[in-house]
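Protein chains: 2
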Amino acid sequence: MNDESVGIVETKYLNIEEPVLLDSGKALNNVTVAYETYGELNKEKSNAILICHALTGDAHAAGWHEGDKKPGWWEIVIGPGKAIDTERYFVICSNVLGGCKGTTGPSSINPQTGKEYGLEFPVITIRDMVNVQKKLVEYFNITQLYAIIGGSMGGMQVLEWMVSYPKMMKKAMPIATAAMSYPQQIAFNAVGRQSIFSDPNWNGGNYYHLDEIPKNGLSLARMIAHITYLSDESMDIKFGRGLQDKDEISYDFTVDFQVESYLKHQGETFVKRFDANSYLYITKAVDLFDLSLNGSLIDGFKNVEAKVEVLSVDSDWLYPTEQSTEILTALNANDVDASFSEIKSNYGHDAFLLEKGQLNFILSKFLTSNVVTDVMKEVVVTIKSDADVREAANLMLDKQVTHIPVVSDDNELTGIVTSWDLSKSIALNTNLLKDIMTTNVKYCYATDSIDVVARMMSEHDISSLPVVDEDMKVLGIITTDQISHLLS
Amino acid sequence: MNDESVGIVETKYLNIEEPVLLDSGKALNNVTVAYETYGELNKEKSNAILICHALTGDAHAAGWHEGDKKPGWWEIVIGPGKAIDTERYFVICSNVLGGCKGTTGPSSINPQTGKEYGLEFPVITIRDMVNVQKKLVEYFNITQLYAIIGGSMGGMQVLEWMVSYPKMMKKAMPIATAAMSYPQQIAFNAVGRQSIFSDPNWNGGNYYHLDEIPKNGLSLARMIAHITYLSDESMDIKFGRGLQDKDEISYDFTVDFQVESYLKHQGETFVKRFDANSYLYITKAVDLFDLSLNGSLIDGFKNVEAKVEVLSVDSDWLYPTEQSTEILTALNANDVDASFSEIKSNYGHDAFLLEKGQLNFILSKFLTSNVVTDVMKEVVVTIKSDADVREAANLMLDKQVTHIPVVSDDNELTGIVTSWDLSKSIALNTNLLKDIMTTNVKYCYATDSIDVVARMMSEHDISSLPVVDEDMKVLGIITTDQISHLLS
Chain V
1 MNDESVGIVE
11 TKYLNIEEPV
21 LLDSGKALNN
31 VTVAYETYGE
41 LNKEKSNAIL
51 ICHALTGDAH
61 AAGWHEGDKK
71 PGWWEIVIGP
81 GKAIDTERYF
91 VICSNVLGGC
101 KGTTGPSSIN
111 PQTGKEYGLE
121 FPVITIRDMV
131 NVQKKLVEYF
141 NITQLYAIIG
151 GSMGGMQVLE
161 WMVSYPKMMK
171 KAMPIATAAM
181 SYPQQIAFNA
191 VGRQSIFSDP
201 NWNGGNYYHL
211 DEIPKNGLSL
221 ARMIAHITYL
231 SDESMDIKFG
241 RGLQDKDEIS
251 YDFTVDFQVE
261 SYLKHQGETF
271 VKRFDANSYL
281 YITKAVDLFD
291 LSLNGSLIDG
301 FKNVEAKVEV
311 LSVDSDWLYP
321 TEQSTEILTA
331 LNANDVDASF
341 SEIKSNYGHD
351 AFLLEKGQLN
361 FILSKFLTSN
371 VVTDVMKEVV
381 VTIKSDADVR
391 EAANLMLDKQ
401 VTHIPVVSDD
411 NELTGIVTSW
421 DLSKSIALNT
431 NLLKDIMTTN
441 VKYCYATDSI
451 DVVARMMSEH
461 DISSLPVVDE
471 DMKVLGIITT
481 DQISHLLS
Chain L
1001 MNDESVGIVE
1011 TKYLNIEEPV
1021 LLDSGKALNN
1031 VTVAYETYGE
1041 LNKEKSNAIL
1051 ICHALTGDAH
1061 AAGWHEGDKK
1071 PGWWEIVIGP
1081 GKAIDTERYF
1091 VICSNVLGGC
1101 KGTTGPSSIN
1111 PQTGKEYGLE
1121 FPVITIRDMV
1131 NVQKKLVEYF
1141 NITQLYAIIG
1151 GSMGGMQVLE
1161 WMVSYPKMMK
1171 KAMPIATAAM
1181 SYPQQIAFNA
1191 VGRQSIFSDP
1201 NWNGGNYYHL
1211 DEIPKNGLSL
1221 ARMIAHITYL
1231 SDESMDIKFG
1241 RGLQDKDEIS
1251 YDFTVDFQVE
1261 SYLKHQGETF
1271 VKRFDANSYL
1281 YITKAVDLFD
1291 LSLNGSLIDG
1301 FKNVEAKVEV
1311 LSVDSDWLYP
1321 TEQSTEILTA
1331 LNANDVDASF
1341 SEIKSNYGHD
1351 AFLLEKGQLN
1361 FILSKFLTSN
1371 VVTDVMKEVV
1381 VTIKSDADVR
1391 EAANLMLDKQ
1401 VTHIPVVSDD
1411 NELTGIVTSW
1421 DLSKSIALNT
1431 NLLKDIMTTN
1441 VKYCYATDSI
1451 DVVARMMSEH
1461 DISSLPVVDE
1471 DMKVLGIITT
1481 DQISHLLS
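Quick mapping for you: the protein sequence lines, in order, are chains V and L. In terms of this note's numbering, the first sequence opens at residue 1 and continues consecutively. In terms of this note's numbering, the second sequence opens at residue 1001 and continues consecutively.
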């Protein structure tokens, strides 16, 4: 275990009371979501980051389960002082719908039959996965996530969130992914499914109570997929034509090369941790994924509001960089605040799980709030300047705020009134807001640097500052609490 | 059937009397080679081109088998007037050792047991395949092939020929191939084999008399491999996300996308024409292929003498261009006359079977003999100038030549003596060669253009011309017969 880890963690479970409606038109009852969280949710519930896992991942993104030899799957970027800093952010990761790591999937018990679903489980989509994640986010009473981040199929979930719930995140980072499954990707998934179907032990999906599980088929599916996660260069560096446990080729069909042995091992260990039916459902969800609308990705992204960074890996041939720049282009066409970075790596697709240095740098730069808009509260209580003091007092009590921007009939900022001003009104014996409000009011713009604004607030001993646009219209308010929390 | 086809052809069979010794140390008895030939072998046996087929190809490279709906696999480049012009060249193509298309392989009868070999068949190598091809070439009494050409695994055979029998070809063109199998290529082959091993109907290779053959496993292997033969771009153009026989996705595990249906079809038709055990042996031979010597490809290619053109496909990710330029670099380092071309195509690896225009252009340019060295006869009879006329006459009779270059003691060209000169000696009543030989002799260099040389020979009415190096040493002889045959 290392110093920067979140340490020992546990997977928790949320039972969703209401039926989950699916894209297929069907519904699932008694859905359970397995999830983990790291860090603390702040009072404003504004520091939550949702992490979305890839095809065969799980809720255990960071830290250690008691007794485990390996940490969570994204330990390299999640933890105190890392890019996804658990001393600053509240990190949530849940197992996807259809999975086999605690969230309801085909190996779960169908409440209607009392037996495992098997192929009775409905075909699900990436959007269905996201809808279940949304229930979890709502369970935490979070109305807007600070960020959603994920790679590969996790990146598809990020994109789906951006499109389906555009107001529910400030930032989004889809990594090593695509806005739709392309035929080569579908082809590899289809062959993987075929290898499961072809295994007699699969038995039409009913194998949970049999002596044998379809391990040959699932293992083959994993071997095929695993090739696509690596680059030819990384395989060359890692294996070359090295022989496995022999000095000379043996002219038979035992394993000759290290790469064969490695793949076989990947297949064999995978079947111990994954359910064949889950593999069918999840790869199918990936194949069905397509965010284009009427054949246009620009149309598909037209409602996106998040600040987005698209990230790809130069040696990834499964989700090549072109498919990331396609996302970027469609976002740009919609005037979304979108940027793009490319990880330089010879690891291929798997680089998003491995390139610690580059990932921490890019994630950290993207997540660090450096302009006012990243931390300001957007829903802001204002009061007209012709209002009276009693009105202001009631508003403060009602909305639990200590600072209220005062605006003209045109909604332009004209001053600010604080609880201290109100107490002043008693001494001055006035009921008129304009007698006590501060008219020489400080303000800032949404695009101002947090550093600069924080310095100004500190110099003038201000704890709350209105954020305005160029016409002096109030856009939001920023408090030292928000700043100190995020710059801590 | 089209005008430029060789028309109706038949596969023939050669039985190799002596045992074929294999790289493994084992030997195979009673080996049969299935082959086809197109065009006529010339008198000098200098116009033979050997075509080497890929993984699942066969001897039927061109023309039509009686009643067939499709021509041979390389019909686009082989035929009258095409690049591999059957009016000019004698084209040979044979099924590889280990195959299932007429040449001895695991589905053949083992003469020792009277039953199919199955896994009793010895593991073979690309060199073993080439050695069997060599028996066929020798059967035609061909001592030097004009060219050896092949793509993919066929390209490996070309490279093996160049290295193992450097004097047995004038030209060689390895296409879309590599000088060794790299780990990603091995990985795909290994997974293909695994899918056959995993099929219960494979039954340890003994399925020839059973009701079921391992069609699921073989079909899967083919589906996996087929993905690697196409580029993502070609799949995109061909299929996109088009649905198969439905207007909407059906939220079940039936085939949704055209690409799935296509791959399934590829798998299903493949099992009707190919033997699962052959697939094991041939992919294993490919995996074992490695022409490097002590880890160096430069060392591996040190004996190559052929004029080589290395050809790759820009969108081929199974045998990417880098692996072709690696071959080129190693050849260049050995001062081999080697050049390189790249087919521009979005077809991926399969482009070597499809890009008719580019292939015909590149092949034709490469095959057309345009310098003297390409057509000259290298074994040349010479005579010393102090010899007598009787000696010359005997030599002409013995070697069946009409022109003998006359050389000094240092082997420098000093003249030429022809049968016409000899008849002159009778009139002049002299027995001294120097009295009758032509001393004002015309000659050419090995690197001279055939066109220029042909024009000179025509102008001076010369039918036979010595080819010399810069020191006037005789390298060979070129005749109008050779030129007219190759420029026809």
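Don't read these hints as lab results, they were simulated from the structure. Errors might be hidden in some of the hints.
[What the hints assert, rightly or not] If you want the ones that stay clear, here's a sample from chain L, every Cβ over 10 Å from chain V, calculated: (1) 1119; (2) 1378; (3) 1381.
[Unchecked claim] Below, in silico cross-link-like pairs of lysine-lysine (DSBU-like), each with a Cα-Cα straight-line distance of 35 Å or less: (4) V:115 x V:167; (5) V:101 x L:1264; (6) V:384 x V:356; (7) L:1135 x V:264; (8) V:215 x L:1115; (9) L:1115 x L:1045; (10) L:1215 x V:238.
[Said to hold, decoys possible] A few chain V residues that don't get close to chain L, going by computed Cβ distances all over 10 Å: (11) 41; (12) 141; (13) 181; (14) 193; (15) 198; (16) 199; (17) 220; (18) 251; (19) 253; (20) 256; (21) 260; (22) 317; (23) 325; (24) 356.
Remember, it's a predicted structure, so these values are computed and weren't measured experimentally. Glycine is no exception: its CB is placed at the ideal position from the N, C-alpha and C atoms.
Hint-by-hint comparison with the structure:
no. : hint            : result
1   : 1119            : violated, 7 Å
2   : 1378            : holds, 37 Å
3   : 1381            : holds, 47 Å
4   : V:115 x V:167   : violated, 39 Å
5   : V:101 x L:1264  : holds, 31 Å
6   : V:384 x V:356   : violated, 52 Å
7   : L:1135 x V:264  : violated, 39 Å
8   : V:215 x L:1115  : holds, 33 Å
9   : L:1115 x L:1045 : violated, 39 Å
10  : L:1215 x V:238  : holds, 34 Å
11  : 41              : holds, 36 Å
12  : 141             : holds, 33 Å
13  : 181             : violated, 7 Å
14  : 193             : violated, 7 Å
15  : 198             : violated, 4 Å
16  : 199             : violated, 7 Å
17  : 220             : violated, 6 Å
18  : 251             : violated, 4 Å
19  : 253             : violated, 7 Å
20  : 256             : violated, 7 Å
21  : 260             : violated, 4 Å
22  : 317             : violated, 7 Å
23  : 325             : holds, 15 Å
24  : 356             : holds, 24 Å
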